[in-house]
Amino acid sequence: MRVEILHIEQCPNWVDAETRVHQASAMLQRADASMTARLLRTSAEAAAVPFAGSPTILIGGVDAFPTGGRTTQIACRVFSSDQGLSGVPTVPALVEAFQAHP
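Residue numbers (the numbering used here): 104 to 205.
It is worth saying that the hints were derived from the structure and are not from the lab.
Check before you lean on any hint, since a few could be wrong.
[To be verified] Pair by pair, the computed Cβ-Cβ distance ranges are:
1) Gly-172 <-> Met-130: 26 to 32 angstroms
2) Ala-129 <-> Ala-150: 29 to 35 angstroms
3) Thr-170 <-> Pro-115: 19 to 25 angstroms
4) Gly-172 <-> Ala-134: 30 to 36 angstroms
5) Thr-175 <-> His-125: 25 to 31 angstroms
6) Thr-139 <-> Cys-179: 18 to 24 angstroms
Note that the Cβ used here is the ideal one computed from N, Cα and C, for glycine as well.
Please model the complete structure; the sequences and the hints are all you need to start from.
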């Protein structure tokens, strides 16, 4: 399973997202999971990938938390959970996303 975190320099949430991706992967004992992070510097770079704000977490090239929208703006992303809004998805949400993308 290939996981890629698309992020921008101005949004520090990707660091927490990376930590949570590793936690979710470990919980599922996904030894086949490889994780990379890609810094997007320009709107053109954002337009070339399925970017929905920073951090966008792709599993196998697909947004793990699709919103139906993409953006070319260099902007942060907000995730919704039972606890409210956050700059990163919860570990349980990541576990669920991993299970949906075998």
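Tested hints:
1. Gly-172 <-> Met-130: 26 to 32 angstroms: Given a distance of about 29 angstroms, which is inside 26 to 32 angstroms, the answer is holds.
2. Ala-129 <-> Ala-150: 29 to 35 angstroms: 34 angstroms, holds
3. Thr-170 <-> Pro-115: 19 to 25 angstroms: With Cβ atoms ~21 angstroms apart, the hint holds.
4. Gly-172 <-> Ala-134: 30 to 36 angstroms: At roughly 34 angstroms between Cβ atoms, Ala-134 and Gly-172 fall inside 30 to 36 angstroms, so the hint holds.
5. Thr-175 <-> His-125: 25 to 31 angstroms: Roughly 29 angstroms apart at Cβ, these two residues keep to the hinted range, so it holds.
6. Thr-139 <-> Cys-179: 18 to 24 angstroms: Once the Cβ atoms are compared, 20 angstroms apart, the range 18 to 24 angstroms for Cys-179 and Thr-139 holds.
Consistency note: the structure conflicts with none of the earlier hints.
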